[in-house]
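Can you make the complete structure from the sequences, with help from the hints?
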Amino acid sequence: MIDLQRRRLTLPGRRATTLGAVVLVLLLIIGVGTLLGEEGPTSHASRVPLVGRTTTICTTSAPPSGEPAGKTEVAAVSIAEAPDRTGLLSGSTLKSKPAKLKITQPGKGAQQSGVTSPVVISADGVMASTSSAVIVGDVMEGPEVGLKIAPCLAPATSHWFSGLGATDADRTDLILSNPDDAQAQVDLRFYGRSGRIVVPGSPGVLIRAHESRTVSLSSLVKAEGTISVAVQASQGRVTAVAKRSQTNQLKAAGVDWQIPSAAPSPVVVIPGVPPGGGSRQLVVTNPGAARANVAVQVLGFQGPYEPSGAVSLDVPPESTATVSLKEGLVGQAGSIKLASNVPVTGAVISTSQRGGAGVDMAVQSATVPLIRTGVSAIATSNIADSELIVSNSGDGDVQLTFEVFSYDGVKLRTDDIVLGPNSTATRRLNSPAPSYLVVKVPDGSSVIGGVVLTQPERNVAGLATIPLVSPDLASRAPATRPDYAAGR
Amino acid sequence: MDSDTALAGAYDDRPGGSGAWPELMPADVDDFGLEENPWAWADFPEEDQTRRIDVAGAHVTAVLVTFDAARWLPATLAALAKLDTRPTRLIAIDNASTDATRTLLDLAHDEGVLDAVYDGRRGFGFGAAVKAALEFDAANLQDDADTIGFRAISNHDSHWLWLLHDDAVPAPDALYELLAHVAVDQSIDLTGPKLLLPRRRHGGQPISEVGVSISGTGRRELDLDVDEIDQGQRDEPQERLGVSTCGMLVRASVWKELGGFDPTLPVFRDGVEFGWRAHLNGYRVVTTPSAQLTHRQVGRAGLRPRGLTGRRPGTVDRLLGMLVVAGHAPRKRLPLVWLRLVWSCLVRAVGYLVGKVPGRALDEMLALGSFVAHPHRLRDLRSRTASIDPAPRANQVVEALRPPWWSGLEAGVDALTGAASERYRSLAGDSDVASIDELTGDEFSSATEERSKNLWLSPTALLMAVAVVASLIAARSLFGAGSLVAPALLPAHDSVISMWRTVVSAIPGAPAQVTPPWETLIALGSTAMLGQPEWLITLLLCGVVPLTLLAAYPLARRVINDRRVRLWVCGTYALLPVLLGGTNQGRLALSVVAICLPLLVMAARGLVLRRTRTAEAWRGGWGAGVVLVALVAFEPSMIIFALLAGILGAIVLRSSPRKIGRIGIALGVPLVVLLPWWPTVISTPGRLFVGPDSVLGGVSPAAPVWQLLLGREVGPGLPPLWVGGVIFGIIWIAALVGLARRPARRAVLAAWAAALVALGMAVLLSRLVVSVPPAGTEVRPWVGTYLLLAFAALIIGGGMGLDGFSGDMTVRSFSWLQPATVFAGIAVCLVSVGGAVWWVLAGAQGPIERARLDAIPPYVMNAIKTDARPRLLAIDLSDGTARYSVLADDQLRLGDADRGFTFGGSVAAREQVDDLVIRLVAGTADSDINPQLTSLGIGYVWVTGANEDIKARIDNTPGLGAASGNERGIVWKLEPAVARTVLVEGSELLPIGPPPTPVPPGAQERQLQIGESADVRWRAQLDGQTLVPVADGWQQVFALPAPGGTVTYELPSFMPWLLPIQGLVLLVAGVLAAPAIRRPEVRDPAKTARRAATLSELA
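Chain order of the listed sequences is B and H. Numbering follows the working numbering, with no gaps: position 176 of the first sequence is 176. Numbering follows the working numbering, with no gaps: position 494 of the second sequence is 982.
Each hint should be verified, as a subset may be incorrect.
[To be verified] Footprint (simulated), chain B over chain H, 3 or more residues, beta carbon under 8 Å:
hint, segment
1, 775-781
2, 1136-1144
3, 1229-1241
4, 1426-1437
Derived by calculation from the structure, the hints in this document are not laboratory data. We put the CB at the ideal spot given by N, CA and C, even for glycine.
The following block contains the structure:
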């Protein structure tokens, strides 16, 4: 001001000078503000949570008395996701008696054979979110001849089984295991062809702490055709696995472990339907009170298509419906996508077929999409041939990577697969030594898959499917953030 | 008096007459050519002079008490000499004067004015002196049998005692009038004249006293207005509780029966106390206004420093007033009366302090101290009053003659309403009539306001009324039960006690940090709002527009002359808090800044403009300091602005050191008052740039720079872009036009400079992410406050620049410019009105809301409040993300964010909760979830918005009990039940209640986990034995020996010690900032009395 007065600026001159200065400063503020950019938080939203000790149970049961013991073994692996972190994977019995199974280094695998009772796999530290295990039963003769494989499962309060048999020719033993210190109590609900089946004694089934209990459906339920069972724990939590065994004219016609299907949802996908001959029965369970109109889609190699003869399915309320996919699949591998107006779940019951060989069965249950990583503790084995089946149930292209590692942690194979929308791809897996498989999928994708094991040279055409599972369950959590309005 | 006495001469003879009256009289009224005497109205009626009552039968003994009265005694003696009715006997007693008093008395005696002069003692009070004089005179008369004296006639009904002060000048007919009155009404036993103050030059003669009473708090009740001029309006005799001892005429028998004045009351209040006793004994006390005395009141003026009144007559008067009230209180009511007197002293002291009259406050406190410290005086007085057997209905009479119990309140309310009325008149524009404050102050308004015929219909008042009504309409959805909640606002505490408890408690896990001061101010405000924090929050958020308007208008009045521009400036500024989303987002800081900013500017203006040597010169500095305390508490970065402005101001005002001193005060007050908080701010500088509970905002995306220029910060509740764009665009245009019109005016340039600095700060801070205490949480500063500053400066700058523009237009020759100006003005106003309409229609409707806080089932909330004090993890999955909070004790409340919520300063606990939420909703079902939740003291998990899949995942978690809940959410209770504080012995956890709590003996050394963040300040004891802290995770753990006993633990806080000190400093600053009492008779009654007492001397 003083300067302005000293210079004796005229009013227009002062006006121009002042306004010019103001505009200049404003432009400077805008410019600096724009150039500065926006600082972000230093903390990472995608911080990996420190998962504590996880427990999975590899369920098996003692062989029928008088029958020769089969070869049952547990295989566990830990993928090398975070090499700088430590952890321990160990096995024990339900009674907490230590087993031989132990992994101390990520990336390695271990096996325990001669298993005759459920094995509890405990994973601490890094192993809690990187490990996976399967139980393999390979019986060459007797009433349970065949190949049966199932991933070891975490205890839960709710389990859904679609397509169980409850007849003399199609037997199901439901094995409920309680690894916790407190007893568990479960209710069983049965869904038959024509609706709910009321079964006395099915509610309030007690499973004592650290014990396992087998419920034979054929002695409990009398129903025609396949049924579905919902296991709901009203107290505690259990793992539930169904041991399936079929006979044909008193001759063994296949065995398998059937694991629970994904919880009912309007869209569910059943991965890893094996290629080849044999029957492919799609079982759909509608637990709701409304009739379900289910559209069936096969995720094939060339994309999705509607299977001939099984385009849609009408499932009455609280019922189970079955339809054959054999004609529609025409011997090809694939995954089945069910889209319904109400929540449903399902499974595919497959049988093997090879001239001169006995029949084996395999059940593919509906699963949830993989989260970042999918693992199969067995990729290749010296007892069977392997084939990876992966499907993309999403509407966009997905590029995934799969890797095969030996149990010593040596990478045996790596490959990329590009999957179109609603399509499937397969890769044969060959390796001289036991190995495991790691599939890495993009975040937010809808990839599901499994490894199909076949026994081409046995008297029984062994068939089993191991679904890919995601050990890092924490990654499926939605984004978290503190919000102090929560709970108002 | 002769009936032919001339008018002027008659007046000259009136008491206190200065002789000035004749000078005012026309030399000869005939010179004016008037037929009648124009001064006839001032003539005294003389009819009564013609009908004199015979008072010769009355025998009067007059007693004159003197002490160091040489200055005033001659006038008194001269007046006594001129009495037209002389007392039977006129004696004097001198209480050992050291001046010429005794000589004057002896001269008067020699001249026959006095019948006798006696020697009293210096310690004599008035009553004691009278008593001694009478005794001396009685003895003297015994020796002189020929003299008719008091002794011989003392028991006769027609014998009277007349008491005189040495500073009182009786009118010639004073005694006659008194005697005539008691002769006419023979029921009168005690009477007193109308006491007048000395006449002012060119003025009337104020009434000093016509009878007196006393209130319940000891206040003198004169029933007179201040400086009430005697115009004959008080000339009706009235029954009063008492009369002054000056000129008191008392029946001799009554005097004797009552034993004279009470010796406890040697100087003041003796007359009213005597009258009180007279009433109780069934005597009548009636005033005689026709008798007049001019009373200089030199005792009250402090002109007799050697006397019993000392140098603080106010203290003595207050003390004696309390003694009178307490001395006459019924025995049963004495404690209440005593408490009331003490309370009234304290209240008055505070009032005088606030009014910056420390001398009066000291008087009150000294009187109170003496009253409390010397109960024997009261005991003595009560022992004498206790012996009175009240006459029938005497108590009712006394009660009727005393003011009602609410008279003190009435006086207070009168004072306050007077001040408020004056304030309103000032605000409403009634400024043509300058107030006394304005005339005596040195800060004149620059505005010459048009005077409205009806102040309630002035545009300002109407604007205020509209703002209030609009606020009520805009906040229509926010009334009702529950708590106001918003993205930046946590619900207020249920009670102010809970709020204060939070304020004084330490923050666990943050040893170097204290509760931020804004919480203290909220607690303080809530206390003032009858202990309802919710009311204060509602007022601040929903009433921000009228409050801002109220704060801004006085400033606008001082800086802008044109009322239309002023209204636009105030209205637009008042809308800024809502246009910037403050109300809808629950930004308390914005409300506080919007309200305080004009006050700060006004204080700063006073700081600069007030002359340095005026009585209120320092008010501006203290006022700015006090306002800065509030501003900095809510928006700490204001201290940066203040320091910058202070430094610049000091440079500009370097030639005036006193003004620099005021700036120092303004900056020093917040620095001192907030001293305990500065370490927190310095250790976490990010706190300097954020407001209350800033953690709630998190790291939100930054707004683009161009949007900031249009007043748009990121966040919900903002007006539509076009609304904001138009309004803020108009503000820019107005500011630019104002600058173009007044490019050299310093105020306009200063406003622009402030706006650009604030805008620069807003842009800069909006790009940053800062860490805030106590856990170093990262947040992006919300820059709405800086935008408010910037636009406020633009508005005021524009207003000042455009001020007078319409006046300029009227003097220019007519062209397109005039209509264009009119249209532009209308358009600008319409835009602001449009903003107001948006606010009214859609304003406070979200996201702010009034929530009932009932999402969590009551049984869970009750469980949280039990001795186990488990926490609750609340997860909201309704929008696809997992939003969570940990509730403890009583939900999350205002200020909890700045205290780190339930985990205080522990970052580890916070991260673990985040981990646990991920694992719960992901369904990892790992077996560590339960132990970790237990370790965090979380006993319940509440989830809302979860689908069946996620419910099942959470359900799978081991250690969670069966789910239950309602439509709002699902609750899982951990098994076994969780307590926050536990005794850990091996793998067993034993719940422990709140301290002190008994613990059983154990087999081995155990650990006490208290469930709160680890902090070196924690102290724990077992039966007085200090426990050793153990480092173990996030929480504080102590090693507990095996023996049982009683465990206590606490987190010491020094806030209970600091708060009173801070409050005291703030109080002192507030007192110094408050407007001073300007009425001289209240500020310094002794000085006023002194001026009155010496008036005629000067004349």
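Do the hints match the structure? See the list:
Residues of the segment 775-781 of chain H lying with their CB closer than 8 Å to a CB of chain B number 0, which falls below the three-residue condition for coverage. Counting residues of the segment 1136-1144 of chain H whose C-beta sits closer than 8 Å to any C-beta of chain B gives 0, which falls short of three, so the coverage hint is violated. Here's how the segment 1229-1241 of chain H fares: 5 of its residues keep a CB closer than 8 Å to some CB of chain B, so the rule of at least three is met and the hint holds. Beta-carbon proximity to chain B at under 8 Å applies to 4 residues in the segment 1426-1437 of chain H; the threshold of 3 is reached and the given coverage holds.
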